[in-house]
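Asker: Chain by chain, the residues run as shown.
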Amino acid sequence: DVKVTQSSRYLVKRTGEKVFLECVQDMDHENMFWYRQDPGLGLRLIYFSYDVKMKEKGDIPEGYSVSREKKERFSLILESASTNQTSMYLCASSEGTQETQYFGPGTRLLVL
Amino acid sequence: GENVEQHPSTLSVQEGDSAVIKCTYSDSASNYFPWYKQELGKRPQLIIDIRSNVGEKKDQRIAVTLNKTAKHFSLHITETQPEDSAVYFCADLSGGYNKLIFGAGTRLAVHP
Numbered sequence: 067d068v069k070v071t072q073s074s075r076y077l078v079k080r081t082g083e084k085v086f087l088e089c090v091q092d093m094d095h096e097n098m099f100w101y102r103q104d105p106g107l108g109l110r111l112i113y114f115s116y117d118v119k120m121k122e123k124g125d126i127p128e129g130y131s132v133s134r135e136k137k138e139r140f141s142l143i144l145e146s147a148s149t150n151q152t153s154m155y156l157c158a159s160s161e162g163t164q165e166t167q168y169f170g171p172g173t174r175l176l177v178l
Numbered sequence: 004g005e006n007v008e009q010h011p012s013t014l015s016v017q018e019g020d021s022a023v024i025k026c027t028y029s030d031s032a033s034n035y036f037p038w039y040k041q042e043l044g045k046r047p048q049l050i051i052d053i054r055s056n057v058g059e060k061k062d063q064r065i066a067v068t069l070n071k072t073a074k075h076f077s078l079h080i081t082e083t084q085p086e087d088s089a090v091y092f093c094a095d096l097s098g099g100y101n102k103l104i105f106g107a108g109t110r111l112a113v114h115p
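Chains as they are written, first to last, in the numbering used here: chain A, 67 to 178; chain B, 4 to 115.
Keep in mind that a hint or two might mislead.
[What the hints assert, rightly or not] Quick list of in silico lysine-lysine cross-link-like pairs, DSSO-like style, CA-CA up to 27 Å: (1) Lys69(A) / Lys40(B); (2) Lys121(A) / Lys137(A); (3) Lys69(A) / Lys119(A); (4) Lys74(B) / Lys40(B); (5) Lys119(A) / Lys137(A); (6) Lys136(A) / Lys102(B); (7) Lys123(A) / Lys40(B); (8) Lys79(A) / Lys25(B); (9) Lys119(A) / Lys102(B); (10) Lys102(B) / Lys123(A); (11) Lys137(A) / Lys69(A); (12) Lys137(A) / Lys123(A); (13) Lys40(B) / Lys102(B); (14) Lys40(B) / Lys25(B); (15) Lys121(A) / Lys102(B); (16) Lys102(B) / Lys45(B); (17) Lys123(A) / Lys84(A); (18) Lys74(B) / Lys69(A); (19) Lys102(B) / Lys60(B); (20) Lys69(A) / Lys45(B); (21) Lys121(A) / Lys84(A); (22) Lys137(A) / Lys25(B); (23) Lys119(A) / Lys136(A); (24) Lys61(B) / Lys137(A); (25) Lys123(A) / Lys74(B); (26) Lys25(B) / Lys102(B); (27) Lys136(A) / Lys69(A); (28) Lys61(B) / Lys25(B); (29) Lys102(B) / Lys74(B); (30) Lys61(B) / Lys40(B); (31) Lys102(B) / Lys71(B).
Since the hints were made in silico from the structure, they are not lab data.
Computed from a predicted structure; not experimentally measured.
Using the sequences plus the hints, can you model the full thing?
Answerer: So this is what it looks like as structure tokens:
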């Protein structure tokens, strides 16, 4: 049974703070993804990674960076949080590009 | 850029009725079309997917049809039950990119 976990379910940060969101998967998946989910906008891809130390920009990478130092862990970094980054952040992993993406429980981030 | 349009944004049906959600995509090279279901407060989960070499796929009460000429695909739920109430997302894997593009979602409410 695939398990994708995220470091926090809820997070409150101040504008300008550096924020780290961590995602861990236990199925040795090659691919990992970070999405943000906003009402009426669906799931928008921020960054993804095919392998350790590899990263690719998604559709909305501005204001974010990522790190994949180990295969099982994919971190999303908000260098200087802003109020427009208040959102639900979802991590996912998959074995291949045409394979099921397994999502984590999400982190609801509020930036004040 | 690539995009997926999903309609309707909300759908309300009586228990036992059928529900249909339709998505259109822009990239003619797209070749993989999954559907995800997200219950309230839960993570998205894959319910069915279809690849471009078939026109229809069924799994019990759920079916997906694909029309490559018109570039649209649809989710059909028959004999709806209250537990089908959720937000449904379509997605496509565009041919030139190894990433899913999600629709904005359809909120389905099944009333007893």
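Asker: Going straight from one Cα to the other, do Lys121(A) and Lys84(A) come out at no more than 27 Å?
Answerer: 20 Å, holds
Asker: Just to be careful, I want the Cα atoms of Lys121(A) and Lys102(B) compared with a cutoff of 27 Å; is the pair within it?
Answerer: 12 Å, holds
Asker: Lys137(A) and Lys69(A): Cα distance at most 27 Å?
Answerer: Holds: Lys137(A) and Lys69(A) sit about 14 Å apart, inside 27 Å.
Asker: Within 27 Å, alpha carbon to alpha carbon, are Lys121(A) and Lys137(A)?
Answerer: Status holds; Cα separation ~12 Å.
Asker: Are Lys123(A) and Lys74(B) close enough, with their CA atoms no more than 27 Å apart?
Answerer: Holds. Lys123(A) to Lys74(B) sits at ~26 Å (cutoff 27 Å).
Asker: Can the restraint linking Lys69(A) and Lys45(B) be considered satisfied, given a maximum Cα separation of 27 Å?
Answerer: 14 Å, holds
Asker: Below or equal to 27 Å on CA atoms is what counts here, so check Lys137(A) against Lys123(A).
Answerer: 18 Å, holds
Asker: Quick one, are Lys102(B) and Lys123(A) close enough, alpha carbons at most 27 Å?
Answerer: Satisfied, since the Cα-Cα distance of roughly 10 Å is no more than 27 Å.
Asker: Would you mind confirming whether the straight-line C-alpha gap from Lys119(A) to Lys136(A) stays at or under 27 Å?
Answerer: Distance of about 8 Å is within 27 Å: holds.
Asker: Holds or violated: are the alpha carbons of Lys123(A) and Lys40(B) at most 27 Å from each other?
Answerer: 25 Å, holds
Asker: Decide if the proposed pair is consistent with the structure: Lys40(B) and Lys25(B), CA atoms, cutoff 27 Å inclusive.
Answerer: Holds, at roughly 14 Å.
Asker: Given the hint that Lys79(A) pairs with Lys25(B), does the C-alpha gap stay at or below 27 Å?
Answerer: Judged against 27 Å, a Cα distance of about 38 Å means the pair is violated.
The structure fails to meet hints 8, 18, 22 and 24 from the earlier list, while all remaining hints are met.
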